[in-house]
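Undergrad: Sequence:
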Amino acid sequence: MSHLQTTSLGPNAAHDPHDPHGEHAPQHARRWWILAVICLAQLMDVLDVTIVNIALPDAQKSLDFSVGDRQWIVTAYSLAFGSLLLFSGRVSDLVGRRRMFLVGLVAFAAASALGGAAPDFGVLVTARAVQGAAGAMLAPAALSLLSTTFTEPKERAKAFAVFGGVSGSGAAIGMLLGGVLTEFLNWRFTLYVNVAIAVVAFIGAATLIQRRNETQSEIGERPKLDLPGTILVSAALFGIVYGFADVESHAWTAPSTWVSLTSGVVLLGVFAWWQRQAANPLLPLRIVLDRTRGGSILAIFLGSIGLFGAFLFLNFYLQGVLHYSPLMTGVAFLPMVVTLVIAGGICTTQLYPRFGAKLPVTAGMLIAAAAMVLLTDIGPHSTYAGTVLGPLLVFGLGIGATIAPAMSAGTADVEPRDAGIASATVNTAQQIGGSIGTALLNSLAASALGRYLVGKDAASHAVQTDAAIHSYSVAFWATGAIFAGGAVVCGLVLRRGKP
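Read in order, the letters of the sequence shown are residues 1 to 499 in my numbering.
In short, the hints are calculated from the structure, not lab data. C-beta: ideal position from N, C-alpha, C; glycine also. Just to be clear, a hint being listed does not mean it is correct.
[As the list claims (entries may be wrong)] Derived Cβ-Cβ restraints for the label pairs, each shown as a range:
#: 1; residue 1: Leu389; residue 2: Gly455; range: 32 to 38 Å
#: 2; residue 1: Ala206; residue 2: His381; range: 50 to 56 Å
#: 3; residue 1: Leu393; residue 2: Val259; range: 38 to 44 Å
#: 4; residue 1: Val106; residue 2: Thr151; range: 26 to 32 Å
#: 5; residue 1: Gly320; residue 2: Pro255; range: 28 to 34 Å
Make the full structure from the sequences, and use the hints.
TA: What follows is the structure, encoded as structure tokens:
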């Protein structure tokens, strides 16, 4: 049968008893348009982190809030997003991925409109929290729709290559778009732009992703929501994300940091125990105990630690030392986006189908580690073309080779009824990894900065610049070590051979 043939989408089409919402249509006639809609929503979700970061200084001046309060614009989003991901993933399995996707788009658009029109700091923080909750609805629904729409191996590989490219490059695109909007309009348009994106995605999803009939025979035995598990994991993830966010404004030794992190880890342990006892677990352990899926989720977790850390300190260097504007900083990251997309496409469509995730993921992490080592050569008189561009291109190759195949493998061979929660697990690994990377590497850089200034003239601009560059180099060394360690661990965990 040609892979271009399509399965009937009418009421008499065959239904998988484990796919009560009938969204498991491997050969949907309009599947490539559906991919475009899914990627548009994913891009909105991913770029929203960096696009708002660029706008923060202008928003602070406009709404007159303190530097200490500024972090809550970012933290409110991260807390809601990170703590609700697994819950939203399972709910999308229960109520339908299409429905969850559409509701998430409406909520994200409404929250973005509220944030753009915010008259004060409190309204802006509230809007960001609602955005985070909406993002938690969108992310797993988008990935599970992708996973259940594309099941033919070659087409699935192409679809995940595109999706992985969007996910990996979204942060850089957010910086560029944020720079354009703040420079030529104002900070409020960094939120308003989401309304336009969400409207287009909603129209596309409502038109292209078909609603299926849900008779009782098609639903079969619908699992109940694991309420204790939901409460445990939401509280655990809230504590972990809050704890790492708290490190940025306080310190590792602050009581609030340790209480949050310790509580989060303990609750996560209790959650894991409960999942073994629960009749209808929120996160069936079969999803994460499979070596391929578990190793891929681990790769995404470790890769996100390094990715977020590298972006953070390269951004600091470009703006703080080379004095790039936010717009020029976004442009500077574009070459990395190109190599990321190319590497992701080649590795997902050519290497992964032949060799599995092990080869591209471990090679990608080693390449990313090499890029970080190259970046330690930065100095006060370095140039973008001479010192930054080469490592940035190499880094794009490494991240592209890692993220896209890992996303595909992390959701592979999952029963349609578990597609939402499996996708949410992948997104959770990415979110928690990013939170840890930002806090851990910030802390290491701050310590390196302090040690460098001991016995030196801290008031000297030249000394301050050298100290900052030294701290960035330490962060790049640490990021390289994380990638290298990740390559070793994932090489041991992931299976060799075809998926």
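Undergrad: Compare the structure with each hint and give your call.
TA: These are the hints, each one checked on the structure:
no. : hint                        : result
1   : Leu389 - Gly455: 32 to 38 Å : 35 Å, holds
2   : Ala206 - His381: 50 to 56 Å : 55 Å, holds
3   : Leu393 - Val259: 38 to 44 Å : 43 Å, holds
4   : Val106 - Thr151: 26 to 32 Å : 28 Å, holds
5   : Gly320 - Pro255: 28 to 34 Å : 31 Å, holds
In this structure, every one of the numbered hints holds.
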